[in-house]
Structures are given as structure tokens and as C-alpha cells.
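Student: Assemble chain B onto chain A, guided by the hints.
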Amino acid sequence: MGQIILGVGDYGASNRPGEEVKTFALGSCVSVILLDPKTRTVGMVHVALPEAAINKAKSLQKPGYFADTGIPALLNEMAKFGCQPKGKGMVVKLCGGANVMDTNDTFQIGKRNALSIKKVLWKYGMGAVAEDLGGNFSRTVTVSVDTGEILLSSPGRPNWKL
Amino acid sequence: MTEKVDREKIRRVISSVPLLSASATQLLQTTTDPDHDLQSIVRIVKTDATLTARVLKVVNSAAFGLINEITTLDRAISYLGERLIVGIAIGDCASQLFNKDLQGYEAEHGSLWRHDLRTAIASREVVTQTGADINPDLAFTAGLLHDIGKALISDYLSGTAAEIIAKISAEQTSDYLSAEEEMIGFDHTRAGHELALAWKLPATIAEVIRFHHTPAAAQPEYRSLVYAVHLGDNIAMMGGCGTGADSMHYRLDTEYSEYLHLDSNTLASILLAVNEEFNKLERSFAEAGDTH
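Going line by line, the protein sequences match chains A and B. FYI, numbering that gives the first Met the number 0 numbers position 136 of the first sequence as 135, with every residue one higher than the one before it. FYI, numbering that gives the first Met the number 0 numbers position 234 of the second sequence as 233, with every residue one higher than the one before it.
So that you can see chain A by itself, here it is in the shape it has in the complex (with noise of 0.2 Å):
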């Protein structure tokens, strides 16, 4: 069964029948994962970071590290397997941004990328319909492209879905 592996920063899309959509220990890092029903395709970007405006040149370079462009390249992408470019019709889910303990207002990382990614989400008109979102865990995401079906990983815990 193919999978397709995302790094920190990378985004991508399938609609390939038993296709999985992986990314690895999401700490900070939040997975926005888009399901479009009509064409059957999904689509996930891995954000590091809430904003581009940190490092213009990088978001140029990989435009998935940050929220503000991650979810446009995400888009551009799922265009290119039949997918409304401005995301209408899609299904979204959110996993990741988690926070270390104690963390203090600098290090909530985690939480500045969720609210960051609704907020341009709503840009969009597109809301999450369900979230897995902070704790002090690492999470693992595997999307499978025949059901739409995410299922989550930590080391210690139970797997579970979303």
C-alpha cells in the first residue's frame, strides 16, 4: 500500500485507492488535513509555524511551514486533482499543536498555529468539523485516502481515531 511521508513543512495530496497520507510526531506542529467528498481526494500540510511574515524567503521555498501560506499551497495542490481552489465543499480536520508543560505565552507555539490556521481558514469560509488539538503529547497522523478515516498515534497511548 502506498503512502505518502510528510515532512515538517511539506504539504500534499492524494486520491490513489489504499493511499495513505502520513505525518510523523506533530509536537508544536499542527496537520491540517482537508478531505474533499466529490473528488475523493485528500490533502494534508504539516505547519510549523503561525506566520510567514517570520521568514519571507523560506515561505517562498517551502510555503508549507507556515499557516498563512501552507493552507494556500494546500489548496493549489488539491486543484490540481479536481478540487475547488478556494476549498468549498471540503471536509476539515486539525490535529497536533501541542505545548510542553508549564509552557509560558513564548513557547505555546502549538496554540498560536491552531488559532492562527482557523483564522485563515475563515478566510476561506471553512471551519474544522473535528479537532485533536494541544496537550503535552506528540501525535503521528495517518490519513487513509479510501475512507477519510485519520488515525492517530502517540508512543504509551492507545491509538484512536478523529
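Keep in mind the hints are simulated off the structure, nothing from the lab. It is possible that part of the hints are untrue.
[Said to hold, decoys possible] Calculated lysine to aspartate or glutamate pairs in the DMTMM-like style (CA-CA distance at most 20 Å, straight line): (1) B/K3 - B/D262; (2) A/K110 - B/E276; (3) A/K55 - B/D252; (4) A/K87 - A/D67; (5) A/K21 - A/D101; (6) A/K110 - B/D262; (7) A/K57 - B/E275; (8) A/K21 - A/D9; (9) A/K92 - A/D131; (10) B/K279 - A/D9; (11) A/K55 - A/D9; (12) A/K57 - B/E180; (13) A/K57 - A/E130; (14) A/K92 - A/E19; (15) A/K122 - A/E50; (16) B/K166 - A/D101; (17) A/K55 - B/D262; (18) A/K21 - B/E107; (19) A/K122 - A/D67; (20) A/K55 - B/E107.
[To be verified] The following label-pair restraints were derived from C-beta to C-beta distances: (21) A/I4 - B/D100: 19 to 29 Å; (22) A/G126 - B/G158: 38 to 48 Å; (23) B/S14 - A/M0: 43 to 53 Å; (24) B/T213 - A/K37: 50 to 60 Å; (25) A/W159 - B/E162: 10 to 20 Å; (26) A/K37 - B/A215: 32 to 42 Å; (27) A/G134 - B/S39: 40 to 50 Å; (28) B/A215 - A/W159: 29 to 39 Å; (29) B/G130 - A/T146: 46 to 56 Å; (30) A/W121 - B/A161: 31 to 41 Å; (31) B/T253 - A/P84: 35 to 45 Å.
Think of the CB as a built atom: it goes at the ideal place given N, C-alpha and C, for glycine as much as any other residue.
Tutor: Frame of chain A, contents of chain B only:
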């Protein structure tokens, strides 16, 4: 019922792992001395044929993208910088520990090495990007060794991860470190400190290993470095490179702000830099035929 661990048991475990090579020990001692020069590093590496070969392999790996091959040790060392030379030396002789399968932490194979490498890079970035008066190469080396104690106690922790996580979630214990102590009577910072003593590591590095989760308890003269590695460790975990079940289950000591000036933009920039550097270094070590 888990088996309890005491100092004697840890010392027996330590006696079964290979010692650091003479060249690695010398490199650690020399690079901790603030007055050393690059030539002293070259002289140490030259006495060790295996290390020399490995250094040349790493510098000429595709990850560094050099157009012309570097064939002399002097050039290789000045190109890579002393932190990578120390990293290669330690990675080689402690590979048995770095590459141990840490079942006690339910960790993927190689994840201790990846976590330590990422912490090393992050600790150095914390120092350079906050402008702290700390030797950045020393922060790298200390970051590389900070969690070595996990390899010593992992076997004793077998089968405890789920219970520890449940206890932390229910706030029955403070964090993974205190849970290790409760479960087996010993935590990875104390185990690592025993190894630091056995290996005669420089006092600064021993202090980082012992107090990287409780930096306020470190000796005042080492405290800013210990805080830098404390942040480096947390940044590595935030970047998805923890060790295993323990990842992100430690407490951030926000008193770091007394020693390091870090705002959210600087932290974001550190996270980016760490990711880039980590990808490059992990690749260069792998291409050089390292088993890590």
C-alpha cells in the same frame, strides 16, 4: 512489579558499555577549555585514523554540497567546525548507547540519537540567536550528551510507559522525570551523571546532564548553559523529535528568562533554523556510513 535501580546497578550497567575513546575524551576536554585553538583539535584528530576517515567522509557527503573534495584534515575541521568534530567522535564511540532500542520509552529505533542531535543543534541556536555569553559549540556538545542516561535505565523501565502517562495525565505525578524516580528509584539525569563521572566528562557537561530538567538547581557558574540546553531539549521535542513516550512530558522552567532573552519571534526563527540544520546534519551523518 518493576525492578528497582540503585547506584550500584547503574555502575554495573556503565561498566558494560565501552569507554569513550582517548581522542573523544581529549576533544571534550580541549573544547571545554575557553583558550584552545583549532590546531589543538587537528592534532587530536590526527592521532585517530578512524576518526580522521569519518571526518573526511562527513565533510565530503552530498549533504554539504561541496564542489571540490576536501582531502586535508585541517580544511575539513575548519569547514565543519569543532562541534561537528566532537559530534562525530562521540557519535562513533557511544553509538552503542545512542542506537540502543529504548523499549522502556517505547521509542522508535534511532530516536535517542535524533533527539540528541536535534537538542544539540537547538541548544547552539538558542545561544547564538539570543546572543548569550556562552560558547555555542559547548552548548552543542552538551546537548548531544544530555540524555545519554536514558540508554542506561531504559531496560528497567520496560512496560511502564502507559502507566506513567496515565499518572501524569491524572496529575498523580509531576512529569516523566519524577515518574522514572517513582517507578525504578532512579531517573535518567542521575544515570547520565554517573556515566559522566565514569567517563570523566568535563564538569560543565556533567552538570548539564544532571540538571537539564531542573536547571535552577545547577551550580551558578554553569546555570546559563544548563538553561540553554533545557530550552534546546524542549525545542527538539516541540519539533517532533522527542525520544519516545516521554516526549513533551517534562516541565519548562520559565525562569530561563533570567539568563536568556528569548521572544516569540526569536523562538520561531530558532525553530526554523533547527529544522534546516537538523535535516542537513542527519543526512550527512547517514551518508558518511554512520549507523545512526
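Student: Between A/K55 and B/D252, is the straight-line Cα distance small enough, at 20 Å or below?
Tutor: Cα-Cα ~32 Å, so violated.
Student: Measure nothing beyond the straight line between the CA atoms of A/K87 and A/D67; if it is 20 Å or shorter, mark the hint as holding.
Tutor: holds, 18 Å
Student: Given the hint that A/K110 pairs with B/E276, test it: the Cα-Cα distance must not exceed 20 Å.
Tutor: Not satisfied, since the Cα-Cα distance of roughly 25 Å exceeds 20 Å.
Student: Do the alpha carbons of A/K21 and A/D9 lie within 20 Å of each other, as the hint requires?
Tutor: Roughly 11 Å between the alpha carbons, so the hint for A/K21 and A/D9 holds.
Student: Could you see if the CB distance from A/G126 to B/G158 stays within 38 to 48 Å?
Tutor: Given range 38 to 48 Å: holds, Cβ gap about 42 Å.
Student: If you draw a straight line from the CA of A/K92 to the CA of A/E19, is it 20 Å or shorter?
Tutor: Distance ~16 Å between A/K92 and A/E19 Cα, so the pair holds.
Student: Using the beta carbons of A/K37 and B/A215, state whether their distance is inside 32 to 42 Å or not.
Tutor: Distance hint for A/K37, B/A215 is violated at roughly 56 Å.
Student: Is it true that the C-beta distance of A/W159 to B/E162 lies inside 10 to 20 Å, as the hint says?
Tutor: holds, 18 Å
Student: CB of B/A215 to CB of A/W159, is that within 29 to 39 Å?
Tutor: holds, 36 Å
Student: Just to be sure I understand the hint, the distance between the Cβ atoms of A/G134 and B/S39 should be within 40 to 50 Å; is that true here?
Tutor: Check passed, 48 Å falls within 40 to 50 Å.
Student: Given the hint of 50 to 60 Å, check if B/T213 and A/K37 actually sit that far apart at their C-beta atoms.
Tutor: holds, 54 Å
Student: Check whether the Cα positions of B/K3 and B/D262 lie no farther apart than 20 Å.
Tutor: violated, 42 Å
The earlier numbered hints that this structure contradicts are 1, 2, 3, 5, 12, 13, 20, 26.
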